[in-house]
Each structure stands twice: as structure tokens, then as C-alpha cells.
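Two chains, two frames, some hints: make the complex.
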Amino acid sequence: EPEVTQTPSHQVTQMGQEVILRCVPISNHLYFYWYRQILGQKVEFLVSFYNNEISEKSEIFDDQFSVERPDGSNFTLKIRSTKLEDSAMYFCASTEGYIQPQHFGDGTRLSIL
Amino acid sequence: AQSVTQLDSQVPVFEEAPVELRCNYSSSVSVYLFWYVQYPNQGLQLLLKYLSGSTLVKGINGFEAEFNKSQTSFHLRKPSVHISDTAEYFCAVSAGPSGNTGKLIFGQGTTLQVKP
Chain A
1 EPEVTQTPSH QVTQMGQEVI LRCVPISNHL YFYWYRQILG QKVEFLVSFY
51 NNEISEKSEI FDDQFSVERP DGSNFTLKIR STKLEDSAMY FCASTEGYIQ
101 PQHFGDGTRL SIL
Chain B
1 AQSVTQLDSQ VPVFEEAPVE LRCNYSSSVS VYLFWYVQYP NQGLQLLLKY
51 LSGSTLVKGI NGFEAEFNKS QTSFHLRKPS VHISDTAEYF CAVSAGPSGN
101 TGKLIFGQGT TLQVKP
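These protein sequences, in sequence, are chains A and B.
Counting in this note's numbering, the first sequence tops out at residue 113, every number present.
Counting in this note's numbering, the second sequence tops out at residue 116, every number present.
Chain B on its own, in the form it takes in the complex (with noise of 0.2 Å):
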């Protein structure tokens, strides 16, 4: 069975400033790593995804992430935040192609507070 963490509820940070949202995951299995973004009243939408290759993968809106095996995390980065990007980011863990139904385990999520 695969678990997602995020280490951190709320990441107050100011406008312009770099931030890191934490992940960690634990599985027996290889995993694929995605994450999430929800703006109010909406649904989740896709940021990022790491099926296999290159560990640090690029996504939308000038975020990025990196797969570390060894540490079992896939940190959320973006070197620079605007306060359009205060939401709930979500991290997501879907087993590998062993038996994969293709369902996601989501963390508890990260607010994300984006200050003037």
C-alpha cells in the first residue's frame, strides 16, 4: 500500500519569494509522483507528474519538482511566487504498472499563502 505526506498544513510566504511545499511517500512498489493544485471551488488540477526518466520534471505555471528515491520525497518548488498562486497544492502517489488501477493516494495538502 502506498501513503503520502506533506509535511507542512499552511506555507505563508511573501510575493516574489522562492518556496518548497515538502512530500514524502512510502510504497513497496515503484510509484508515480504527481502534483495537484485547487483553487476555491474548483477542482484539482494537474501542476506535474514524474511516470520515470529525468527527476526533476517541469510543469505548468513555472513550478517544478524532484524525485529523490532514496529519500522518498518529491518536494514541490517555484523560485519565484505571485499571489495568483495561493491555493491547496496536493501531492498524489499512484503505483506503478504492477496491478495498477491507476487510483491516487493524496496527502493531507498544503495551503499555500501567498502575501502583498
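Next up, chain A with everything else stripped away, as it sits in the complex (with noise of 0.2 Å):
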């Protein structure tokens, strides 16, 4: 079964440094998107794109964050000046219409020094 796959399992980054957090959505989908979990707390929505630009984002999705789907396979969150509060679990999830269910991948842990 096609997965939605997420590069780097673990990113360990310093205060301040620009992360980039990878996701190969599966090929025939075409709406995206990107969830946090802060430990212990609930998942939490951040930003949904489709047709090559975000159609909504949440009040976490400040300027500091960006998305990107640069070649027609990878979908990328940046966080341009990470803080120790953006520590979390991020999860990048697809599917092939927005009422259908979403297929989230195994998450990126980022880890804010």
C-alpha cells in the first residue's frame, strides 16, 4: 500500500537555525498538509495546500513558517528561526480529495536546543 513518507525521523536543530522537514506525499494525491503534536498534547492542524499554494493555515503558521511542494513529489515545511516552543512531532498527511481520509506519515521529532 502507497505510504506517505517523512525524512528526517529526528532533527536535533539550535535556537535560531532554519529547519526544513521533508514529506513525499503518495504520487496520486493532491491536497497536503502539515500537523504538529507538542509532547503530550493534541495534534494540531497547521497549514493545508493544494493546487500549488495554502489554502488555509492556522495561527501557529506564522511568518516563520513556509511550505513548499518544489518538484511534484516532495512537500517541505521550513521554520526560518526555530524557537525551543517549536519543538514537537511534525506530521505531513495527503489525500486524494479533501472529504476523502488522510494518510498521515510516521512524523518528523524536532528537537529545539
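Quick caveat, the hints were computed from the structure, so don't treat them as lab data.
All figures in this text were calculated on a predicted structure; none of them were measured in a lab.
Warning: the hint list may mix true and false statements.
Heads up, simulated PhoX-like pairs for lysine-lysine below, C-alpha to C-alpha not over 25 Å straight-line [stated by the list, open to error]: (1) A:K83 - B:K49; (2) B:K49 - A:K42; (3) A:K42 - A:K83; (4) B:K49 - B:K69.
What follows is the structure in C-alpha cells.
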């Protein structure tokens, strides 16, 4: 069964540094999402992406965050200047239609020191 | 805006016993409802979904859920649990057709602990 893959599985970064989290969605999917889960808390929506543009973003997704689909297969989340509170598990998801269930990757654990 | 409340943070249960994990939602529009399971160090896996039609939906691994519009609930049930069902369970809601981008709003999660 096709999977959403995320790399790296664990990223350790110094505060203030830029970080890029990478995702390869399922190939025929059209809608892409990033979520995050701070340790011990619920999964929170960050951003949705369709037709090469952001379709919705949450309050968390401020100017420090950006997303890109650079080559038709990868879907990246960039955090420009990381803060301690950015430490979380970040999940990528994709779906073929917005009412279809989302398929999630295994996540990237981001640790900011 | 939508919100989801999972009333139990932890549910301990003995193997082969029945279990119910509770989920209530609030929304001013029609919604789609989902249950996801998360095993340690893994992503979220879809258990079942309610989009429309029959209010009783069956999912993988013997789980089922019932959509109750009047009580705005979508409780998850399994008649007989296994040790392997030990995991975190998340209820999620997505807005209905109007202006939907598909974003999921999750509850806090319920840890199901199945004891031998």
C-alpha cells in the first residue's frame, strides 16, 4: 500500500537555526497537510496546500513557517528561525480529495536546543 | 469553528472486555468524523470514518462507531479488545462540504491500555 514518507525521523537543531522537514506524499494525491503534536498534547493543524498554494493556515503558522512543493513529489515545511516551543512531532498528510481520509506519515521529531 | 472533546484521557481495560472511547464535537456546520489510532513512534492510521449515510460505521480491527447528531457524539466501540489494541486513539472532525479545505481538528486523545 502506498505510504506517506517523512525525513528525517528525528532532527535536532539549535534555536534560531532554519530547519526543513521533508515529506513525499502519495503520488496521486492532490491535497497536502502539515500537523504538529507537542509532547503530551493533541495533534494541531498547521497548514493545508492544494493546487500549489496554501488553502488554509492556522494561527500557529506565522511568518516563520513556509511550505513548498518544489518538484511535484516533495512537500516541505520550513521553519526560518526555530524557537524552543517549536519542539514537537511534525506530521505530513495527504489525500486525493478533501473529504477522503488523510494518510499520515510517521512524523519527524523536531528537538530545538 | 469546530472542536472535539474526548472525555477520557486514559481507559484501562482487561483483554477480551468491551470498550467504549467517547468523543463529542461541536460545530455550526455539518461535519465529517474520523477515528485515528497512533501506535508508539508511528503516524496516525485511520480506523473509520463517517461522511454520510448510515450512522453506524465499521472500521478496521473490529472497531465501530456511531454518529449521533442530536448528542453531537461519535463514540468508538469494540466488543472484545486485544493486547495489540493498546495505543492512543484520536477523534477528529472536518467541516462539511462548504468551504472545506479538509483540515482535521483533533481531540486530546485517549490512551487505551489493555491489560492481560
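Quiz prompt | Structure-inconsistent hints, enumerated in ascending order | solution = 1
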